[in-house]
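A.B. asks: If you want the building blocks of each chain, they are given just below.
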Amino acid sequence: MQFKVNILHTDLLIIGGGTAGCFSALTAAEQSDCKIMIVEKANIKRSGCLAAGVNALNAYIGEDETPESFVEYVKQDSEGVIREDLVYSIAKRLNTVTKKMEELGLPILKDENGNYVQRGRGSIKINGENIKPLLSEAVYKHRSIEVLNKVNMIDYLVHDREVIGAIGFSIEEPKFIAVYAKAVICTTGGAAGLYKPNNPGFSGHKMWYSPFNAGAGYAMGIRAGAEMTSFEMRFIALRCKDTIAPTGTVAQGVKVKQVNKKGETYVRKYGEPTTPMRLYATLMENENGNGPCYLQTKGITKEQEQELYKAYLNMAPAQTLQWLEHNTGPASQNIEIQGTEPYIVGGHTASGYWIDRNRKTTLKGLYAAGDVAGGSPKKYVTGCFVEGEIAALAAVNEIQQKLSPAVDERVIQRYVNSLHRFFENGSCLYEIEELEIAMQKIMDEYAGGISQQYAYSEQKLIIAAARMDELMDVAYTLQVKDLHELLFIHEIIDRLYVGRVLIEHLKARKETRWKCYQENKDYPEKDDANWKKYVNSIYGDGKVNILYRDLIERDEAYEHSH
Amino acid sequence: MSIHIDKQKCISCGKCCKACPGSLLYQDEYKKTFIKYPKDCWGCTACIKECPAQAIKYYLGLDIGGRGGHLHIKQEEDYLDWYITSPQGETKKVRINRKESNQY
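These protein sequence lines map, in sequence, to chains A and B.
Residues in the first sequence are numbered from 46 upward in steps of one, following this note's numbering.
Residues in the second sequence are numbered from 9 upward in steps of one, following this note's numbering.
Note that these hints are calculated values from the structure, not bench results.
Misleading hints may appear alongside valid ones.
As the list claims (entries may be wrong) - Below, simulated DSS-like cross-link-like pairs (lysine-lysine); rule was C-alpha separation at most 27 Å, straight line:
(1) Lys-39/B with Lys-526/A
(2) Lys-526/A with Lys-47/B
(3) Lys-343/A with Lys-100/B
(4) Lys-49/A with Lys-39/B
(5) Lys-49/A with Lys-44/B
(6) Lys-241/A with Lys-47/B
(7) Lys-40/B with Lys-26/B
My request is simple: use the sequences and hints to build the entire structure.
C.D. replies: Following this line, the structure appears as structure tokens:
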């Protein structure tokens, strides 16, 4: 395949047009005159996590809350190891970004006084089925924003440790694309597909997180030597069985309890009901012969049931279809629940780029926002908006003093050759899909997947690391036949990088801080005396180098010291 | 796969191909849509909402409780009408006003 080389220039490059990316672009367009380009591997209309919709905004400062109390809540739920400074900066802006989203057309439930109706602590009720089209419409209204859809970025262009753009390819036509920019914001989302998923082959992608988020932004950062944090704090969701639909809508929305096969509530038997504890308790009940576990919806009213049919259609239609197809519903049948496979996702836990308060990464010229940015768990959709906003404001400020970077033809040619290589590779014994299955099996069995009840030991991680390295070698020998396969192979390579870093992070934290998320069988207890710190890493010379950092408090003004 | 495309109904507009967040849909030589990577479908129903001809329906795999039922969507101004057909062929309509919030 011959690639046509396209070299483009912009002021601000945003990689990934999902939740954080679109909001970043809107902010930059409203607050500056700079030229903005969003590069998106699918199409911004429905790409990213919000494709099917979302049914609540789960980070909002409600009437009895303050930004300070929000920080305390996140800190407590995350066992103390968070970037309080980052969470605080998010908390202070949650309500203004919510207002802005409402102005863009998002319906939010209000009471008779015009106040938002809260769904449990810090959560408000919306109709988020159309949230992504609303965001993309707003983006297209700005003439200063150019959107490149169906272009997959694979690496940053780096000069003297400064990010000056990125390269990638179109998945529609043989076109190599290099975008040079004065600043880059990475908003590619987290990583799904690292572990063997809940459902087998046919419904394998019926998963919690977007299966199209393959950790590209993490992997690009890892390869470029950016510092990463807290990958060992994986996220595992508690979901409706099989459909992997959300449980919060029912648990917090209708306010029902988690019960075991005997109808007993069980979470508090195991500890305070934090997010990881609700999952761990469910796992333990199954282990102890008390499964299946359910959300106790039996007995809710028919009106509530009707509303739940709608709520699920607005975010996870599989659940409503499953009910109606079986001629049943939550009023007559409890909802069985299960844990998902682990994901790496900075919107829920703390995994991601190590950033300063402006969302600047440790690489000059590069910012990170949303699920790809670390340190601030529980940011969810609104928190991703805030981070997109903060990153955009800092980036447009930086751009003002900068000149356009120079094009380096040799670098471009090297990257074009690296793409050609996959077409020129001779026939191989293995298919791309086999590589994916092999990777997910290794991670499942040796790095704490579902089959291991999320637990691992150092010995197992050592095996996982060695096998992942072998797969990485195989990956570069595979042959691709078309552009979509070229996309697939890059997604797998990215996951191998993310998985490799994850394994080292899991190995490095010699305690068990988060039930299920990070369950080290060699060190099964939480050890506050030694481990109230961040596990960070920088990749270089083919090795993941671990470093530790002290906790940063709420009012500290952390800055990178490079 | 969790979608089925009726080629007879497909009007070759290509809107679904553009919207799929996994770029899994392609057009054949007659510009009719097909899903190139069926196992990779997330089940988000973006394509079904795009289709002006109701040519795409959504169903569950056998491994997650599928029994032959399916759904499709018609749009009418601010409304999304979800038509859910049971394995026995009975169809229920659930009408959702896109401008109204969920109650939960």
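A.B. asks: Next, verify each hint and record whether it holds.
C.D. replies: Consistency of the hints with the structure:
{"no.": "1", "hint": "Lys-39/B with Lys-526/A", "result": "holds, 21 Å"}
{"no.": "2", "hint": "Lys-526/A with Lys-47/B", "result": "holds, 19 Å"}
{"no.": "3", "hint": "Lys-343/A with Lys-100/B", "result": "holds, 22 Å"}
{"no.": "4", "hint": "Lys-49/A with Lys-39/B", "result": "holds, 25 Å"}
{"no.": "5", "hint": "Lys-49/A with Lys-44/B", "result": "holds, 25 Å"}
{"no.": "6", "hint": "Lys-241/A with Lys-47/B", "result": "holds, 14 Å"}
{"no.": "7", "hint": "Lys-40/B with Lys-26/B", "result": "holds, 13 Å"}
When the structure is compared with the earlier hints, no violation turns up for any of them.
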